[in-house]
Amino acid sequence: MLKAQRAIFSAAFRTNLQYRVAALAGIGTQLFWGFIRVMIFEAFYRSTSTPQPISYPQVVTYVWLSQATLLLLPMRANPEIQAMIRSGTVAYELLRPVDLYALWYSRSLASRTAPVLLRAAPIFLVAGLFLGLQAPPSLASAAAWALSIVAAMLLSAAFTTLVTISLLWTVSGEGMSHLLIALSSILSGIIVPLPFFPDWTQAILNFLPFRGLMDIPFRLYVGYVSPSEVFSLVAHQLAWTLVLVFLGRWLLGRATRRLVVQGG
Amino acid sequence: MPDSGRCEVLGRVPWRERVANARDIGVVFGQRTQLWWDLPVIESFELLRDVYRVPQADYARMRDELVPLLDLHPLLDVPVRQLSLGQRMRCDLVAALLHAPTLLYLDEPTIGLDAVSKLAVRDFILRLNRERGVTIILTTHDMDDIEMLCSRVMVINQGRILADGTLEGLRARVTRERWLIVDLLQPVEEVSDPDATVIRKDGRRVCLRFDPELISPAELIHRVTTKYATRDLFVQNPPIEEIIARLYEDMRC
Chain A
1 MLKAQRAIFS AAFRTNLQYR VAALAGIGTQ LFWGFIRVMI FEAFYRSTST
51 PQPISYPQVV TYVWLSQATL LLLPMRANPE IQAMIRSGTV AYELLRPVDL
101 YALWYSRSLA SRTAPVLLRA APIFLVAGLF LGLQAPPSLA SAAAWALSIV
151 AAMLLSAAFT TLVTISLLWT VSGEGMSHLL IALSSILSGI IVPLPFFPDW
201 TQAILNFLPF RGLMDIPFRL YVGYVSPSEV FSLVAHQLAW TLVLVFLGRW
251 LLGRATRRLV VQGG
Chain B
1 MPDSGRCEVL GRVPWRERVA NARDIGVVFG QRTQLWWDLP VIESFELLRD
51 VYRVPQADYA RMRDELVPLL DLHPLLDVPV RQLSLGQRMR CDLVAALLHA
101 PTLLYLDEPT IGLDAVSKLA VRDFILRLNR ERGVTIILTT HDMDDIEMLC
151 SRVMVINQGR ILADGTLEGL RARVTRERWL IVDLLQPVEE VSDPDATVIR
201 KDGRRVCLRF DPELISPAEL IHRVTTKYAT RDLFVQNPPI EEIIARLYED
251 MRC
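Chains as they are written, first to last, in my numbering: chain A, 1 to 264; chain B, 1 to 253.
Quick caveat, the hints were computed from the structure, so don't treat them as lab data.
Values in this document were obtained by computation on a predicted structure and should not be read as measured data.
Hints may be right or wrong, so weigh each one.
Claimed, not checked - Which stretches of chain B does chain A cover? Using the computed rule of at least three CB atoms under 8 Å from a CB of chain A, they are:
#1 22-30
#2 51-65
As the list claims (entries may be wrong) - Among chain B residues calculated to face chain A with C-beta under 8 Å, some are:
#3 R16
#4 V19
#5 W36
#6 D38
#7 L47
#8 E219
#9 H222
#10 V224
The beta-carbon is built from N, C-alpha and C at its ideal position, and this holds for glycine as well.
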């Protein structure tokens with residue numbers, strides 16, 4: 001079973017690596033946006049006298065981390081499967097002698113991670129050398145970040161797969177994508193880092209799955225939370241991953257029973 | 001969507017045992033490709049090998065047998081998006097066979113193909129059936145496909161089977177008529193015969209429809225050639241398009 005998923009993952013990964021010019025353009029855009037966001041926070045910290053929940057250098061690092069791993073946000077459905085659903089080629093996916101959910105999860109994982117891996121390193125390099133991205137305070141923090149970013153990838157792929165499955169009902173997926181962009185970008189902390197949110201929202205933010213995509217790895221990286229908390233935080237990420245996987249499987253089971261491929 | 005009924009493929013109910021069924025069947029949709037759009041053809045083949053878990057030795061044997069049959073060698077390293085439709089279809093056919101299915105579904109496999117590819121694909125389908133014993137289920141609107149390939153024909157209209165049998169049986173059921181096509185030496189104002197009807201006349205070529213039970217072809221030919229100066233003639237069955245169209249018409253009444 002796993003061999004098939006690995007093959008699909010690696011093919012989808014290589015497909016995504018083909019878009020190198022897109023990656024280059026993306027790196028430029030993400031550096032530019034990061035620069036603007038850092039300037040806003042600099043202005044904010046200079047003009048305030050009240051103590052803030054998170055230090056200025058930590059915020060700058062938080063911002064650059066979010067720019068580097070931005071594409072990990074499940075902003076839209078898996079584009080390959082979306083195209084297949086629109087054209088009807090999705091029928092071929094049902095012809096594979098493998099579990100359909102696992103097949104789509106592998107595709108989603110590849111399409112979420114390949115572009116991030118392609119873009120993260122150059123952004124880390126430039127931001128680390130010139131733009132205020134700091135190294136983690138300790139080796140333990142770095143290890144905790146690495147562990148939680150892997151969990152974030154698994155969570156993001158589960159989100160993507162779920163949204164992709166919803167296309168079997170809606171076909172276009174525009175509405176779902178807009179909703180998901182809004183929710184995930186605000187609630188994961190890439191617009192305003194989550195420590196700045198009012199106290200009464202913290203319990204809600206802590207419960208929701210979205211912080212597992214960005215905020216949890218970033219807090220571990222900058223040392224805002226101690227590396228010893230990594231296990232409970234990763235458990236939060238993995239628990240939500242499981243919930244989304246079960247939900248996706250259930251929806252897919254219902255969808256395949258009513259699927260009609262039109263125009264053959 | 002079906003309202004009722006039963007469906008079995010190789011003894012399995014396909015929607016209950018989707019995975020087991022998928023392992024034994026191959027499918028080609030003429031309008032869609034199962035190859036990876038951005039990757040070279042050979043990588044799609046290797047991917048399918050892994051997805052269907054075909055042992056490397058079996059895969060290599062199958063690939064080396066199929067690739068020369070459809071002359072795919074020069075295409076293997078080309079990304080799928082750069083292939084022409086005919087090239088892509090040939091690659092898709094091989095892709096559907098790498099896991100050695102016993103049953104192959106072809107949905108409009110020759111649609112939009114150039115003449116050379118069309119003939120190559122037809123020849124390949126025939127050999128697949130004769131030499132390897134693969135059962136092939138073909139859906140097509142191409143009447144030449146039917147004439148050349150099918151030993152059993154089913155005509156379906158709005159989910160109902162209108163006919164099921166050999167092509168000859170189908171012909172006999174719809175009509176006994178034959179066509180006599182005559183090329184005249186001189187243009188003639190009007191061609192007529194008491195036992196045949198003129199259905200087409202362009203220039204010196206005249207097409208007559210007759211029922212061989214009422215008048216034997218030999219007699220009709222004798223009568224026509226003595227009455228008109230004839231350069232050439234031949235007798236043929238009505239084309240299969242005609243038969244199918246008439247079948248649909250009959251069912252509507």
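Results for each hint:
Coverage of the segment 22-30 of chain B by chain A holds [criterion: at least 3 residues with CB-CB distance below 8 Å; count 5]. Residue count for the segment 51-65 of chain B with a Cβ under 8 Å from a Cβ of chain A: 3. That meets the three needed, and the coverage hint holds. Interface restraint check: R16 (chain B) against chain A, minimum CB-CB distance 11 Å, threshold 8 Å, status violated. Because the closest C-beta pair between V19 (chain B) and chain A is about 5 Å apart, less than 8 Å, the hint holds.
Contact between W36 (chain B) and chain A, as hinted, is supported at the beta carbon level, the nearest pair being about 6 Å apart and thus within 8 Å. With its C-beta approaching chain A no nearer than about 5 Å, D38 (chain B) sits inside the 8 Å limit, and its interface hint holds. Checking L47 (chain B) against chain A: minimum C-beta separation of about 5 Å stays under 8 Å; hint holds. Nearest Cβ of chain A to the Cβ of E219 (chain B): about 48 Å, over the 8 Å cut. The hint is violated.
Checking H222 (chain B) against chain A: minimum C-beta separation of about 50 Å lies over 8 Å; hint violated. Taking 8 Å as the C-beta cut-off, the interface hint given for V224 (chain B) is violated, the closest approach to chain A being about 46 Å.
Checked against the numbered hints above, the structure breaks hints 3, 8, 9, 10 and satisfies the rest.
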